[in-house]
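Order-wise, the sequence lines are chains C, U, B and F.
Just so we're aligned, residue 1 is where the first sequence starts under the numbering used here, counting upward by one.
Just so we're aligned, residue 1 is where the second sequence starts under the numbering used here, counting upward by one.
Just so we're aligned, residue 1 is where the third sequence starts under the numbering used here, counting upward by one.
Just so we're aligned, residue 1 is where the fourth sequence starts under the numbering used here, counting upward by one.
Any given hint might turn out to be false.
Now the in silico label distances, taken between C-beta atoms and shown as ranges [to be verified]: (1) B:41 with F:551: 48 to 56 Å; (2) B:313 with F:557: 30 to 38 Å; (3) B:66 with F:617: 22 to 30 Å; (4) B:66 with U:467: 28 to 36 Å.
Just a few of them, taken from the derived set where beta-carbon distance is under 7 Å, the chain F residues facing chain C [said to hold, decoys possible]: (5) 71; (6) 437; (7) 561; (8) 562; (9) 565; (10) 651; (11) 658; (12) 662; (13) 666.
What the simulated footprint calls covered on chain B by chain F, stretch by stretch (three residues with Cβ under 8 Å from a Cβ of chain F suffice, anywhere in the stretch; the number is not a length) [stated by the list, open to error]: (14) 75-84; (15) 140-151; (16) 159-165; (17) 193-203; (18) 220-234; (19) 237-247; (20) 252-266.
Bear in mind the hints are in silico, worked out from the structure with no lab data behind them.
Beta carbons: idealized from backbone N, C-alpha and C, even for Gly.
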Amino acid sequence: MGMIQFDVLTISGAILLIATFGVIARRGFMDWLNAYRLQSIVLAVVTAIIGYVTGIWEIYIAAGLTFVIKSLVIPKVLTHVTKSLEIESKTDFNPYLSLRASIIVSAFLVTMSYFLSQQIPFKSDPVVNVFLPVSMAQFFLGLFALVNRRTALSQVVGLLVIENGLFLFTLVLTHGVSLIIEVGIFADILVGIVISSILLFRMSRTFDSLDVDRLENLRDD
Amino acid sequence: MNSISANLTIVFLLLTPLVGGILVTVFRKKRIIEIVTICSASLILIQVFFILYAIINEKTLSAFGNAFYIDSFGAVILLPISIVGFVSVLYSKNYMGRQYDIGLVDDKHIVRYYQGLSIFLLSMLIVPITNNLGVMWVTVEATTLISVLLIMLYFKENAIEAAWKYLIIATVGLSFALIGTVFFYYANISAGSSEDAMNWTGMVHNSKLFDPNLVKIAFVFILVGYGTKAGLAPMHTWLPDAHSEAPTPVSALLSGVLLNCALYGIIRFHIVSSGTLGPAFSNQLLIILAVVSIGIAAASIYFQKDMKRMLAYSSVEHMGIVSLGIGFGGMFGIYGALLQIINHAIAKPLMFFASGTVSQKYETKVMSKIKGIIKVMPITGALFLIGGFALVGMPPFNIFLSEFLVLSSGFQSGQFLVTMIVISFLVITFAVFLRHLIKMTFGNPVLEMKKDDMGNLAIIPMIILATLVIIFGFYIPEQLQTLLHNASSIINGGSIT
Amino acid sequence: MPSFLEITLGIIQALMLMALSPLMTGIMRKTKAKTQKRMGAGIFQPYYDMVKLMRKDEVVSDQSSWIFRSTPWVNFAAIGTAAFFIPVFLSYSPFGLVGDLLLVVGLFGLARFFTMLAGLDTSSAFGGIGSSREMMVSTLLEPALFLAIFVVALTYGGTNLSTLVEGASNSSLLPHPQLIFAAIAMFVVILGETGRLPFGNHATHLELTMMHEAMVLEYSGKSLALIDWAQSIKQVILFSLIVNIFTPWGIASSVSAISLGLGLVIFIVKISVFAIFVAFLESSIAKWRLFRIPDLITVAIASSLVGLVLYYL
Amino acid sequence: MIENLILFQIIVSLFLGGAILGLISRNGRFSRPLIFIPSMMGAILTILFSVTVITTKSMSWEVPHVIPFFNLEIFVDGISAFFMLLIGIVSFAVSLYSMGYSKEYEIKKRISIFGFLFNIFILSMILVVGSNNGFFFLMFWELMSLTSFFLVIYDHDKEENVKSGMTYLVMTHFGTALIFVSFLLGYLQTGSFGFDSLRTSSSSFPHLIKDLMFVSAFIGFGTKAGIVPLHTWLPKAHPSAPSNVSALMSAVMIKMGIYGIIRTVFDFAGFGASPDYAWWGVLMVIAGSASALIGILYAVVERDIKRALAFSSIENIGIILIGLGLSVIFASYNLHTLSILALVASMYHTINHAFFKGLLFMGAGSVVHATHTKDIEKLGGLVKQMPWTSMLFLIGAISIAGLPPFNGFVSEWLGLQAILSSSQIPSTILQISIAFASLPFALTIGLAAATFVRLFSMIFLSKTRGTSLLHIREVPRNMIAGMAILASVCILFGIVPFLGISLLSTVFHLSSSPSSPYDAIALKNNDMTSFANLSMPVVAIMLSAVALGIFGFIRVVGGKTTKTIYGTWDCGFGKLNERMEYTATSISQPIRVVFKSLFKPHNETHKEFSIPENSYLVKTIKFNSTTKNIFEENLYTPIISSTLFLLDKVRKIQTGKINSYLLYIMITIILLLIFVRFNHA
């Protein structure tokens with residue numbers, strides 16, 4: 001393949017990573033959602049690029065799906081669910097780590113995922129070489145967001161980021177496995193989001209807050 | 001058996017719960033849907049026994065090309081699913097009926113409950129019979145979602161909390177599992193396999209050619225991922241919450257069957273990675289997690305106030321013992337582990353049912369408030385004792401044999417230190433678990449209650465299980481023995497024949 | 001199987017012990033009286049007392065049961081039987097085939113067991129005191145006695161009394177220093193077993209000093225006679241044991257008229273001397289506090305342990 | 001021997017039948033016969049069976065493939081048969097006794113459950129000594145523990161019964177774990193849990209393995225046998241259980257521990273005749289002496305009849321262990337005859353203890369049955385109301401106190417002789433230390449006499465101390481019969497030791513066995529001079545002869561005299577009442593003072609003065625004296641509390657914060673990845 005493609009891949013990967021960082025850095029829920037939407041769009045583009053590079057047509061479908069579901073449907077659902085809530089409960093005022101600290105940790109995680117990818121010997125497949133670490137990084141950053149954030153909403157978003165990472169990861173390594181599985185995964189995620197939004201709804205009813213600190217009745221100490 | 005009949009078998013097996021669910025949605029009358037579900041559950045039971053018979057005779061059964069593939073190991077997992085599914089449905093009638101009578105749930109809930117139950121069964125049935133590991137992952141994830149729905153059936157605060165934790169942690173965990181799966185797939189691809197690269201059969205076939213480093217990392221992801229779902233410490237944290245808050249029949253299914261499905265995933269990949277690296281690698285990982293789980297369970301049981309939480313922790317312990325057996329390896333170890341899967345799946349639902357009935361009678365799950373069960377409800381009390389003693393591995397009940405085998409294999413494989421540690425943990429667990437059990441069963445009830453056992457439909461499922469518990473204590477049928485032997489040879493050799 | 005003559009001789013020895021026992025008591029009483037500057041009764045007084053008691057009617061406590069009534073008989077039977085195993089003037093007793101020193105100790109134990117029960121049977125506080133003290137003392141004496149026996153048995157090769165005494169008579173004490181210590185222990189044990197000072201005092205009926213008397217306080221008439229007699233037989237048995245084991249000179253080792261006669265005379269002399277010595281000792285010391293007695297017994301135990309070590313080293 | 005096999009199967013089915021009949025007979029009129037007659041028949045057949053096995057040849061039975069890997073192997077050789085004989089005799093007597101005893105349970109609660117457990121309990125003991133495979137051994141062993149546990153807490157209305165049952169269960173399970181470890185070590189060597197393979201190849205094990213096997217098995221079985229300091233469950237469980245059950249437990253069940261130790265030493269752990277193994281014996285002797293002394297010391301101050309009996313069981317187990325240990329020592333120095341002597345001593349004591357302790361527990365049961373109290377401070381004067389019970393109890397007391405002419409004396413005589421023979425061990429240090437070990441032994445014998453004088457007199461003699469005797473009457477006939485059986489056996493084995501010794505010599509294939517009941521137990525020195533002789537029949541004859549003689553003599557000399565019944569001498573005070581007589585506490589007071597370091601007695605006196613300022617006119621004095629159990633305070637409590645402390649730290653990880661949970665997962669994956677990176681397995 002040509003130099004250009006490679007550059008395109010690298011650049012898009014970089015953009016994706018930055019978008020992910022954007023998601024990590026934001027506080028207010030709406031900013032989150034926008035960041036996530038942005039990231040999803042980038043993801044869709046990346047998917048398309050991969051499709052172009054590898055020349056497997058299913059991947060275009062996947063890209064389309066991604067664009068539709070992730071950057072349109074899910075944000076819509078979430079905004080709908082949280083319409084009734086007032087702004088405070090949607091904003092994550094005090095995560096466990098300060099912004100600066102969390103950036104450092106994320107940086108560490110990114111390096112770790114690159115390191116991890118080094119462990120895995122690959123045939124010289126540029127797509128994999130570029131995007132495997134990116135997807136891993138996305139994954140771990142999402143996980144970190146889950147660990148770090150205190151409101152249920154932001155945890156949902158963290159889940160979504162993880163899921164994006166997964167999607168990219170699967171895509172990169174499998175070049176679109178048998179489409180059934182892709183769809184299955186998609187469906188699972190979608191249902192998961194729906195259920196969690198139901199839960200969010202209920203939570204806001206019962207606890208009139210989405211603060212996960214409220215969810216500490218079940219414990220042993 | 002030829003491919004057609006094989007296909008039919010599978011189709012019927014999967015259709016039964018599906019149709020059951022649909023019927024439930026169609027007529028929304030409580031009595032009817034109860035009967036429908038019971039029928040479908042018993043149908044499943046019968047079909048599973050049929051399949052088992054087939055497997056015992058001709059080792060494997062594959063349908064739709066290689067999409068579905070059942071070997072002895074899958075059958076071993078299939079058996080508890082059907083049995084526990086049946087008894088749970090049977091028990092649900094009485095249990096949910098009472099909840100309904102005291103107005104805790106309404107018709108809408110009942111319908112939703114039985115729909116959920118059917119789909120739950122369906123998804124769990126797919127896990128051990130599918131050949132495609134990706135599909136397996138999808139179904140396991142599906143079980144999570146459905147069980148979350150079942151847990152948050154009636155929106156009590158704790159139920160919501162448990163559901164939330166369960167959802168988040170399980171999803172995160174399973175995402176690890178997906179990564180692992182894909183890694184394995186990639187390893188398979190790069191090993192040069194073209195089609196059915198996601199199929200377990202294919203993977204085991206090529207496992208010799210896989211890249212070791214990749215497999216190592218992949219297995220770690222699988223272990224953490226499915227381990228989260230299987231409740232191996234320290235990823236077990238969701239388990240006590242979910243099990244304690246779910247409706248009792250669901251808790252029985254969760255701990256009796258769902259955990260096994262997750263372990264099934266681990267063991268499948270364990271076979272593959274043993275094919276590549278030899279068993280030593282995955283064994284030590286399994287042993288580490290197992291010991292941690294058993295220890296944490298032993299520690300946590302003592303301080304529990306809630307009956308079902310205590311049972312949940314004992315599930316953690318038993319999952320630990322199973323993976324310990326697999327980790328120790330050897331004929332004894334693996335056989336013991338498989339036997340332990342079945343035994344635990346028999347004994348734990350018994351305990352859950354008993355505790356469910358008791359907590360309905362006493363209107364609390366708090367153990368300190370429950371006294372003198374044996375006086376208030378003699379039969380349930382006796383069954384409660386049987387289940388409890390079985391769970392702590394007391395002969396002449398079933399779990400004794402499997403634990404005996406597992407521990408022996410520990411010495412066989414030269415893991416003296418680990419075995420001694422585990423034995424001491426088990427002694428501690430014995431003491432602390434029985435302490436709660438005895439305190440609840442004997443003594444005098446705090447307030448005067450009339451003596452009854454909450455109806456036959458509450459008793460019968462327990463009696464079925466209790467009989468199995470006792471019989472398996474000192475007699476295991478020939479067929480089951482052969483089945484277990486084949487299964488353990490599959491795991492042991494990492495060979496498919 | 002021992003010959004008829006031997007058996008008769010053995011029986012004669014036993015009967016002789018029984019016959020002699022009151023005399024010893026008398027001698028000791030007389031000695032004490034002398035040392036206390038009294039005239040004192042004649043040395044045959046105990047015989048007269050016994051006959052008198054046998055002729056008297058009894059008073060039996062209404063609280064008491066058949067245990068109380070049967071005790072004197074069991075008591076005498078046990079101690080009387082013990083008498084058969086003791087070599088007196090003949091260095092072996094044919095009953096050595098039947099029993100040994102440990103059996104003798106056991107028989108004493110049987111007697112004591114019933115005496116203690118009888119003391120408690122009448123529900124009088126005196127009996128209680130006696131039994132509870134006897135309980136403690138006898139318990140503590142047991143190891144001392146056994147260790148002493150241990151030393152002796154090891155030295156002379158057996159708890160069979162015939163073997164013991166023969167071995168003793170054939171060897172001199174000098175090569176066996178451990179026997180000295182054993183003798184000390186044995187002596188203390190004898191004082192305790194016979195309830196003499198500093199353990200208890202036969203002379204008084206003061207509850208501070210009573211042990212044996214307290215237990216048998218309720219007895220009268222025939223029963224009392226039996227009890228006293230049994231007690232004095234026990235005393236003689238113990239005396240002759242210590243005498244024959246530790247000063248085995250002149251005991252007859254063969255059945256011939258001269259040696260037998262000689263042995264008899266020598267035995268009586270020895271045992272009387274010993275009795276007098278005990279009496280002197282008794283009148284020269286005071287009764288000890290009950291909880292100082294364990295110290296004395298400890299001394300006994302210690303000395304026999306020393307004897308043991310000496311034997312092995 | 002096919003007949004034996006059939007007989008055995010009949011026995012098993014009889015007990016099972018009794019169990020099932022008990023279960024289905026729902027407290028009906030016939031429930032007691034339905035339960036206990038099968039068990040009686042089973043017991044008789046067991047006696048028959050074991051006797052045939054002992055006299056003819058061993059029986060083996062194998063049922064393959066009931067469960068994977070292990071076959072149900074039954075193998076009854078002499079030793080097993082010997083213990084089966086004990087089980088048979090005792091359980092026969094106890095079943096007979098229970099016919100009457102368990103009547104009250106019909107009113108109080110379900111006797112049917114009791115019958116079920118009772119039968120299964122006896123059956124499980126038979127199967128324990130019969131089983132020839134580690135797995136099934138452990139299975140029956142735990143079955144035995146489980147059934148006995150339920151029997152202990154059978155009267156579960158009382159909290160403390162359940163508590164003590166719990167202690168028992170946990171401790172015995174701990175023991176089982178150690179036994180399991182010992183089997184595992186054997187399995188490691190032979191690759192099978194079958195006892196046969198152990199027997200054949202155990203001699204070739206490495207020495208370390210042998211030692212480990214022995215130690216773990218010794219601790220494990222010792223827990224069941226109740227050796228100090230693993231004895232704490234015993235004085236708790238026995239009083240809680242119904243008396244017939246505690247008779248079975250104390251007479252037979254704790255002997256299973258002894259059985260296990262014998263098997264381990266002589267069969268499994270590959271004991272060899274070399275001084276390397278002497279320390280096994282030394283360990284046993286030390287443990288035995290400790291148990292004997294401490295057990296009896298606690299018994300002598302105990303107020304509760306059954307607790308006192310339980311403590312004395314600990315003592316007797318100690319004596320048995322001393323004998324066993326001596327025989328091991330002798331064997332390891334290749335002194336064959338001496339080791340036989342010691343073995344016979346300890347086994348003889350095993351027989352005896354089974355009999356008289358069963359008898360005594362049944363006696364205690366009758367007392368409780370009649371008076372409904374176990375506190376000897378409240379008893380007294382029963383000899384007039386319950387002549388039979390008191391008579392039989394007295395026989396038991398004399399036997400256990402080791403006094404001639406009853407059986408206790410014979411075994412203790414043998415034991416002492418064994419200790420005396422220690423002078424032939426070619427090792428001075430051992431000689432001296434064993435000689436010193438005779439000190440606690442002798443002390444124990446003395447204390448045992450004291451204990452049972454106290455028990456008997458406090459229960460049966462003089463005036464009652466609390467409960468009124470009005471409604472107390474003798475127990476029903478079948479209970480007396482049950483006791484009488486064991487009592488007569490006690491006397492028999494005392495007066496005719498030939499029985500026991502020839503039994504043992506056939507069981508253990510001993511070279512020297514007496515020919516006729518009349519010739520004495522004769523121990524010889526090396527120069528064939530007699531070391532010691534004992535011929536109990538003659539002793540018995542002499543005792544009676546002397547008694548007759550003196551009776552005649554006195555009649556001749558004293559002539560005929562009358563007996564007058566009159567009040568006890570009261571110094572003319574005139575109002576003797578039961579509050580003035582000696583109490584159980586006051587009787588044992590001197591001993592309590594002498595051994596105060598062990599009891600740590602804590603006395604407190606409350607005085608009330610009729611005139612507060614005047615401290616001379618005392619109205620009431622309350623005296624309260626309590627003794628502590630130093631083992632629970634200084635050994636068990638620290639261990640348990642420290643364990644709980646650790647557990648408490650561990651379970652804290654369940655914080656309830658979902659973030660922390662996710663963090664665990666993250667950390668786990670990272671750690672595992674690092675682990676994988678840096679380990680090259």
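Taking the hints in turn, this is what the structure says about them:
1. A hinted range of 48 to 56 Å is violated for the C-beta pair residue 41 of chain B and residue 551 of chain F, which are about 29 Å apart.
2. Hint check: residue 313 of chain B to residue 557 of chain F, Cβ distance near 54 Å, so the stated range 30 to 38 Å is violated.
3. Restraint check, residue 66 of chain B to residue 617 of chain F: a C-beta distance of roughly 43 Å breaks the suggested window 22 to 30 Å.
4. Checking the proposed 28 to 36 Å range against residue 66 of chain B and residue 467 of chain U shows it is violated: the Cβ atoms sit about 59 Å from each other.
5. At its closest, the beta carbon of residue 71 of chain F sits 45 Å from a beta carbon of chain C; the interface hint therefore is violated under the 7 Å criterion.
6. Because the beta carbon of residue 437 of chain F sits about 51 Å from the nearest beta carbon in chain C, more than 7 Å, this interface hint is broken.
7. Proximity of residue 561 of chain F to chain C is violated relative to the hint, the smallest CB-CB distance being about 84 Å (cut-off 7 Å).
8. Against a cut-off of 7 Å between C-beta atoms, the interface hint on residue 562 of chain F is violated, since the closest Cβ of chain C lies about 83 Å away.
9. Nearest Cβ of chain C to the Cβ of residue 565 of chain F: about 74 Å, over the 7 Å cut. The hint is violated.
10. For the restraint placing residue 651 of chain F at the interface with chain C, the shortest Cβ-Cβ distance is roughly 5 Å, inside the 7 Å limit, so the hint holds.
11. Taken as an interface hint, residue 658 of chain F checks out: its beta carbon lies about 6 Å from the nearest beta carbon of chain C, inside 7 Å.
12. Below 7 Å, beta-carbon pairs count as interface contacts, and residue 662 of chain F has one with chain C at about 5 Å; its hint therefore holds.
13. Taken as an interface hint, residue 666 of chain F checks out: its beta carbon lies about 6 Å from the nearest beta carbon of chain C, inside 7 Å.
14. Note: the region 75-84 of chain B has 6 residues with beta-carbon separation from chain F under 8 Å; the three-residue rule is met and the coverage holds.
15. Judged by the Cβ-Cβ criterion of 8 Å, the region 140-151 of chain B is covered by chain F as claimed, because 8 of its residues qualify and three suffice.
16. As drawn, the region 159-165 of chain B meets chain F at 4 residues by the rule of a beta-carbon pair under 8 Å; at three or more, the given contact holds.
17. With a cut-off of 8 Å between beta carbons, the region 193-203 of chain B has 0 residues touching chain F; three or more are needed, and the interface restraint is violated.
18. For the region 220-234 of chain B, the stated coverage by chain F is satisfied: 4 residues place a CB nearer than 8 Å to a CB of that chain, which reaches the threshold of 3.
19. Remark: the region 237-247 of chain B is not confirmed as covered by chain F, as 0 of its residues place a Cβ nearer than 8 Å to a Cβ of that chain, below the required three.
20. Check result for the region 252-266 of chain B against chain F: violated, 0 residues qualifying (beta carbon to beta carbon below 8 Å, three or more required).
Hints 1, 2, 3, 4, 5, 6, 7, 8, 9, 17, 19, 20 from the earlier list are contradicted by this structure; the remaining hints agree with it.
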